[in-house]
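Trainee: As a plain string of letters, each chain reads:
4 protein chains.
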Amino acid sequence: MEKVLRDPIHSYIYIQHQVILDLINTREFQRLRRIRQLGTSNITFHGAEHSRFTHSVGVYEITRQICDIFQRNYPTKTVNDGLWDDKERLVALCAALLHDIGHGPYSHTFEHIFHTDHENLTVQILTSPETEVNQVLRRVGADFPQKVASVIQKTYPNPQVVQMISSQIDADRMDYLLRDSYYTGTNYGTFDLKRILRVMRPYKNGITFHISGMHAVEDYIVSRFQMYQQVYFHPVSRSMEVILSHLLKRARFLYDHHEQEAIGNPVLLLPFLKKSFTIADYLKLDDGVLNTYFIQWCDSSDQILNDLAKRFLNRKPLKSVSYSAQTKKLLPKLRKLVSEAGYNEEYYTATNNSYDLPYDTIVPDGQKKADQIELMRDDGSLVELSAVSRLVNSITGKFSGDERFFFPKEMLSSNEEPEVFTPIYQKFQKYLKNRWVVDPKNN
Amino acid sequence: MEKVLRDPIHSYIYIQHQVILDLINTREFQRLRRIRQLGTSNITFHGAEHSRFTHSVGVYEITRQICDIFQRNYPTKTVNDGLWDDKERLVALCAALLHDIGHGPYSHTFEHIFHTDHENLTVQILTSPETEVNQVLRRVGADFPQKVASVIQKTYPNPQVVQMISSQIDADRMDYLLRDSYYTGTNYGTFDLKRILRVMRPYKNGITFHISGMHAVEDYIVSRFQMYQQVYFHPVSRSMEVILSHLLKRARFLYDHHEQEAIGNPVLLLPFLKKSFTIADYLKLDDGVLNTYFIQWCDSSDQILNDLAKRFLNRKPLKSVSYSAQTKKLLPKLRKLVSEAGYNEEYYTATNNSYDLPYDTIVPDGQKKADQIELMRDDGSLVELSAVSRLVNSITGKFSGDERFFFPKEMLSSNEEPEVFTPIYQKFQKYLKNRWVVDPKNN
Amino acid sequence: MEKVLRDPIHSYIYIQHQVILDLINTREFQRLRRIRQLGTSNITFHGAEHSRFTHSVGVYEITRQICDIFQRNYPTKTVNDGLWDDKERLVALCAALLHDIGHGPYSHTFEHIFHTDHENLTVQILTSPETEVNQVLRRVGADFPQKVASVIQKTYPNPQVVQMISSQIDADRMDYLLRDSYYTGTNYGTFDLKRILRVMRPYKNGITFHISGMHAVEDYIVSRFQMYQQVYFHPVSRSMEVILSHLLKRARFLYDHHEQEAIGNPVLLLPFLKKSFTIADYLKLDDGVLNTYFIQWCDSSDQILNDLAKRFLNRKPLKSVSYSAQTKKLLPKLRKLVSEAGYNEEYYTATNNSYDLPYDTIVPDGQKKADQIELMRDDGSLVELSAVSRLVNSITGKFSGDERFFFPKEMLSSNEEPEVFTPIYQKFQKYLKNRWVVDPKNN
Amino acid sequence: MEKVLRDPIHSYIYIQHQVILDLINTREFQRLRRIRQLGTSNITFHGAEHSRFTHSVGVYEITRQICDIFQRNYPTKTVNDGLWDDKERLVALCAALLHDIGHGPYSHTFEHIFHTDHENLTVQILTSPETEVNQVLRRVGADFPQKVASVIQKTYPNPQVVQMISSQIDADRMDYLLRDSYYTGTNYGTFDLKRILRVMRPYKNGITFHISGMHAVEDYIVSRFQMYQQVYFHPVSRSMEVILSHLLKRARFLYDHHEQEAIGNPVLLLPFLKKSFTIADYLKLDDGVLNTYFIQWCDSSDQILNDLAKRFLNRKPLKSVSYSAQTKKLLPKLRKLVSEAGYNEEYYTATNNSYDLPYDTIVPDGQKKADQIELMRDDGSLVELSAVSRLVNSITGKFSGDERFFFPKEMLSSNEEPEVFTPIYQKFQKYLKNRWVVDPKNN
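Protein chains in written order, with our numbering: chain A, 1 to 443; chain B, 1 to 443; chain C, 1 to 443; chain D, 1 to 443.
What the hints contain is simulated information worked out from the structure, not anything from laboratory work.
This list has only true hints and no planted wrong ones.
Across the chosen pairs, the derived CB separations fall in these ranges: (1) C:ARG72 - D:HIS210: 49 to 55 Å; (2) A:GLN303 - B:HIS210: 55 to 61 Å; (3) B:SER324 - A:PRO129: 47 to 53 Å; (4) A:ASP81 - D:SER414: 20 to 26 Å; (5) D:ASP22 - B:ALA142: 51 to 57 Å.
In this text, a Cβ means the ideal position worked out from N, Cα and C, and glycines have one as well.
Using the sequences provided together with the hints, build the complete structure.
Mentor: Pasting the structure below:
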């Protein structure tokens with residue numbers, strides 16, 4: 001059997017095992033069609049409406065291509081020769097396909113409010129006998145679900161398999177950079193996938209790259225850096241996540257304070273408000289379920305729930321400015337002004353520091369080396385990427401991302417529209433310059 | 001002011017009027033982000049998860065480009081000279097942006113079951129004082145909402161404006177072919193937009209194309225034909241629409257027969273089950289709302305509702321075969337076998353004849369000329385497209401699409417898995433050959 | 001060994017045999033870098049400056065991919081089972097790579113004037129012991145050069161190998177459509193190569209396509225038709241070929257009439273003027289060699305040679321109009337007017353009927369079936385493409401292309417610039433309307 | 001009048017002035033069709049066969065787009081307000097179109113051997129009354145040729161015009177990065193042209209970019225860096241330039257030593273060998289002319305000329321290794337071994353240090369600030385790019401490129417093929433490791 005799925009990034013996804021086809025056809029996997037890959041990013045880049053389903057089959061396909069190349073060019077001949085054992089193919093493919101199966105709607109924000117954990121849930125979905133995914137995996141072997149889970153948990157003994165799915169330059173990251181670039185319509189995330197696959201090779205500690213492909217790897221790291229700067233950390237998308245977070249927090253607050261009338265009867269969300277949910281409950285959630293309750297909340301008697309729901313659904317982002325270590329101390333004054341202008345500061349202001357470590361060779365505590373990219377020379381010796389790439393070195397081990405303060409757009413009203421809050425607005429605006437918080441005394 | 005939206009098809013959408021920006025920011029327009037452009041097509045082409053929002057801004061952008069070219073190259077000089085009057089720009093842009101504002105979730109299927117009418121709803125959304133869209137349009141002029149509506153209704157006096165938005169080769173069709181090609185990852189729908197815009201020109205009866213661009217127009221018609229054949233009429237997507245239609249029909253049946261417990265409390269759908277809804281009710285619907293009720297119905301006590309909901313959500317399409325005028329008479333026998341195999345034939349079989357008229361110069365009743373594409377020669381004389389294009393002529397006025405019979409996949413079980421229904425399955429399969437219905441006597 | 005060449009069409013060309021690498025490195029093959037694939041087309045589509053070298057490696061790569069797919073999915077098991085015998089791979093790859101090795105500069109025009117024959121020359125280059133190509137091929141086997149030649153001559157016994165390289169839908173045509181589209185910057189020639197390769201399969205009489213890919217094959221035929229109409233038959237490019245042809249004819253005339261001074265000493269062209277050349281002579285020619293003599297001829301004492309050389313090098317095309325069977329009889333009058341305006345009609349007018357048979361199932365004499373595309377149904381039965389595709393049927397067996405009359409642009413001078421020839425120009429122009437020849441009496 | 005040229009990079013080149021059309025039709029400009037943009041790069045990236053003609057019209061088109069945006073968004077209102085005066089458009093467009101008109105075949109190498117100077121020749125072609133270009137320019141105004149020349153010489157008073165054509169981020173560089181990426185089939189050179197054009201704006205000292213587009217500008221700088229590393233400095237292409245340089249040097253040597261028989265009668269090259277040429281002589285040269293003489297030299301009695309010509313035409317590159325400041329002192333030993341192996345070391349070895357300064361803010365002598373990229377904040381203040389981009393800062397003012405030693409491939413012969421020179425080869429190879437020169441004592 002060989003089936004194909006048409007895909008805009010890889011042209012075709014080639015399915016060559018019945019178990020892969022059956023996994024795709026499970027209800028847990030089909031549910032990923034109803035969860036957008038990029039959460040609120042489509043608010044800024046309207047084309048980015050693709051789901052975790054499309055990304056998951058893409059990660060599978062890249063992994064399949066890596067296995068093909070490894071098997072063609074680097075097949076193992078003797079035990080522990082550091083080459084590729086194609087018996088690992090199926091576990092690698094399943095882990096690639098299912099690595100995101102535990103994600104729920106608006107994943108990071110939802111987790112933060114309801115204390116769910118998508119990695120733990122992934123393992124449960126793989127290993128609980130009640131799921132269709134588990135039933136399909138068990139057909140391969142009784143311990144196969146646990147093997148696949150251990151790849152995702154990075155405890156699987158073969159580091160080549162683990163690094164295919166999860167490392168600085170893995171099938172997951174490679175697919176999402178290309179896919180998110182394509183759907184957003186930006187080209188920052190593009191890099192030369194074919195060339196990277198060509199120079200990739202297995203060795204005893206995992207996966208390395210021939211040094212002749214250094215510039216292709218460098219380009220990938222730079223592309224990843226730029227996608228974070230330009231797309232994933234976009235202030236408007238982050239602002240919508242702030243609103244979403246506050247909206248869910250408000251719902252939880254109302255539930256905890258027995259304001260049931262205000263939140264109606266959000267049947268599928270109740271287990272999470274009650275802090276007691278099963279996997280089955282979790283698997284009923286998707287973006288549309290949450291949005292359905294938000295639509296209902298637009299008619300809520302609670303003014304904050306009502307207003308935040310409308311802001312989220314109808315795209316009324318908060319505004320934001322950057323602040324530095326020096327100007328951070330001014331934020332309480334800004335919050336106070338927002339409060340004086342009539343907004344509950346808990347729900348209408350926020351700080352948010354989206355950080356990304358673009359390429360890291362040293363873990364923060366300095367004790368052991370993190371995941372790093374090794375290049376292989378002709379004679380088999382290795383060299384770490386940032387040692388030979390000036391560009392990568394410039395962003396190695398350095399946090400990127402900016403700290404921002406969020407507040408209602410109304411605070412920026414110009415004085416041409418005189419109203420009762422105008423003096424407060426004017427005072428607030430003295431703290432802002434060139435999209436940064438500044439001290440008005442120095443301004 | 002000039003704002004831009006990043007778009008994968010047109011690079012940027014240029015917004016040059018405050019009224020356009022304000023229309024995009026209305027709740028009615030933002031709602032289009034939650035309604036997929038292609039309904040169930042993403043079941044077959046998984047990349048096609050884009051919304052009516054992205055298409056609508058694309059239609060706006062193409063219209064804006066047409067206005068720019070017309071204004072640059074063909075500005076009117078005297079009344080009725082058949083050239084372009086740029087005072088028409090704003091009404092054209094608003095009509096382009098809003099032409100799909102009345103669409104709801106899974107539009108064609110929903111309309112069919114609940115007797116809503118998206119064109120009528122579009123006009124209501126434009127002209128009802130309660131909508132934000134109407135409020136924005138009224139700022140231009142008291143009669144402006146009605147003017148925009150009349151363009152969409154094709155009653156607006158200037159045929160150039162009407163044909164920009166709605167004709168054989170309009171901004172709507174041009175955007176969706178390019179966009180659906182991009183998101184599905186097929187290239188059948190691509191054509192040379194820039195060249196078509198270059199040869200497009202206004203004349204007194206609407207819009208024509210210089211004959212030097214004949215092949216670009218021909219290519220557009222052929223691309224449209226191929227997208228219908230390959231994407232829009234794909235049997236698997238149609239099969240999912242069959243399931244959706246039967247699922248909604250079953251819900252309506254249960255409601256009409258007071259089986260409320262079986263359908264739960266689908267709050268936002270109730271006005272439609274009750275056959276009494278307002279515009280406000282309609283504007284609360286989106287794909288996610290319907291899916292939320294389908295998720296709940298997976299636990300319904302009604303076995304048909306329960307099963308169809310699962311088939312729809314978890315992608316279990318019906319199978320289908322083509323039939324001809326000759327073999328149509330065999331369908332009752334096939335339905336009977338499906339019924340004998342334990343399926344309610346009303347909900348588990350269907351026929352479906354998706355037809356498209358690829359390019360039509362003659363209306364069926366032969367009384368008056370339909371919308372046709374005119375090419376202009378150097379001396380200003382006109383010639384109809386199919387008169388000069390052999391390819392277009394071959395598909396002019398001919399119905400394309402095939403008539404299919406849908407049935408449960410289980411009917412195709414092979415006899416290697418003996419079970420009680422095996423003889424019925426075998427009998428059923430004798431009617432099928434090369435994906436067509438055949439008479440077993442001649443087989 | 002596996003080497004790759006970066007290619008804009010196929011991303012990479014994979015070279016997996018030493019003999020292929022060695023063939024690419026022969027002087028005869030490297031020479032193809034200096035011969036443009038599209039002759040004079042870059043005069044109209046300036047991007048189309050690619051050489052026969054890039055096309056040849058592309059044809060090789062598509063053939064390699066076909067072999068891979070055939071070997072993976074349809075390997076032969078028993079003699080004469082109609083499946084693929086991978087022992088044919090090397091002869092197929094060599095024939096693909098070398099199919100154009102006999103082409104010279106401005107091939108069709110040069111052949112026409114100097115009576116060379118690129119197919120015959122291809123065979124000679126493959127089989128003459130003096131060439132490097134022959135020396136590389138002989139390393140495979142003494143009869144291998146002849147085997148490769150027989151594939152190109154279509155006399156090789158295995159029809160699968162012959163049809164890969166030369167049939168209605170072969171690696172040659174598939175590469176040039178994609179490549180010429182890419183380099184011209186048009187998209188008319190694009191089609192879904194991956195899908196066609198997926199549905200392609202060997203059978204006893206050659207190569208067929210599964211019927212599920214009918215629309216992809218149809219799209220390829222339509223694309224080919226459109227590339228001919230839009231690019232290959234472009235009137236301006238054809239006009240430059242007319243000039244080139246007349247320029248070479250004039251040089252031959254001057255040589256034959258012993259006007260050596262007028263043509264200087266075009267060393268590398270002399271064997272052809274003398275009508276006595278060796279393969280070695282032929283292999284010294286390329287576009288640059290001819291252009292070098294044209295540059296020298298710009299200073300020739302012969303006014304016609306001098307003027308035509310300048311027109312060719314400096315892009316001064318003749319103008320052209322279409323004529324019909326009815327208006328063909330008017331051409332002598334037009335020629336006479338051109339002559340009266342001071343131009344030698346032999347060198348300054350021409351007719352040219354570029355014809356293409358887009359897809360042909362019947363040979364003209366009706367005696368035997370030509371090369372046709374067969375589609376295979378699920379049960380193994382075959383159906384000819386135009387029997388199931390309305391689009392293909394519309395262009396089957398019909399000649400496309402138009403008959404044109406070429407003349408100096410000066411004949412179109414408008415009467416605002418009065419000069420001695422103005423009355424002649426005016427008379428000439430009465431025969432033209434909407435880019436066609438017309439009878440002034442009916443105009 | 002508006003004419004278009006189809007272009008693969010910009011879709012269309014829009015020609016809106018008769019003078020631009022006339023310049024394109026001059027013999028000097030048409031000659032650029034016969035000179036490849038990338039010299040010998042097509043030896044490595046076979047797709048890169050495009051000419052200086054296609055690049056020149058591309059630079060024109062980007063300049064035209066910049067003028068359009070400046071005129072639409074930043075038209076001057078008062079003298080010296082730092083905004084755009086559209087009266088500058090024509091001089092900018094002509095300078096953009098003609099900036100490379102003085103290039104000859106294999107420009108840098110030819111200049112180096114024959115002491116021509118393409119910038120000086122550009123000015124002469126613009127200002128000498130004998131050229132068609134000059135005649136067209138003079139129709140605009142008597143001083144117009146000189147004005148256009150002064151833009152190219154950077155002495156034109158308006159810095160906006162100068163910087164459009166020649167600065168760190170100008171129309172020239174932007175076109176060649178995109179075009180060379182497209183034709184090589186690499187994607188390293190791609191960047192977001194549309195976004196850069198959107199954030200570009202005139203100011204009193206030239207051209208700046210709004211800071212919101214910082215990442216797009218950063219991406220451009222990184223792309224340029226990567227194209228140099230990956231494409232322009234590719235060792236194999238540089239090796240072919242070494243051969244070309246030695247070939248021309250040998251011809252000059254033979255001419256100077258009166259070995260006329262060995263070099264034949266290369267008519268069009270003689271003025272350069274004689275060190276006395278006119279513009280007319282220069283304008284007769286193109287790639288094909290040089291190649292024609294190389295073809296003739298393959299039969300030369302001089303063995304070095306003969307061999308180098310064959311190596312150049314038939315792609316037999318020298319091999320190369322990198323060396324460092326430490327290992328540079330070993331090169332004489334390597335040269336000596338090459339000599340002992342029978343090669344004239346003057347013609348068969350070389351060192352070559354292709355350097356690029358990716359983005360430079362300080363000129364080497366430290367006396368004045370070089371061309372730097374300024375970003376504009378909301379309040380109009382400026383900040384230099386490398387001050388806000390960590391990536392750009394990492395490559396600012398630093399030389400990139402590597403120093404290489406070139407030698408005949410035969411020196412790498414393995415000892416499996418015993419022959420007389422084997423011991424020399426083995427000794428040579430001890431100096432090489434991982435593609436670098438090393439000291440055998442430490443190896």
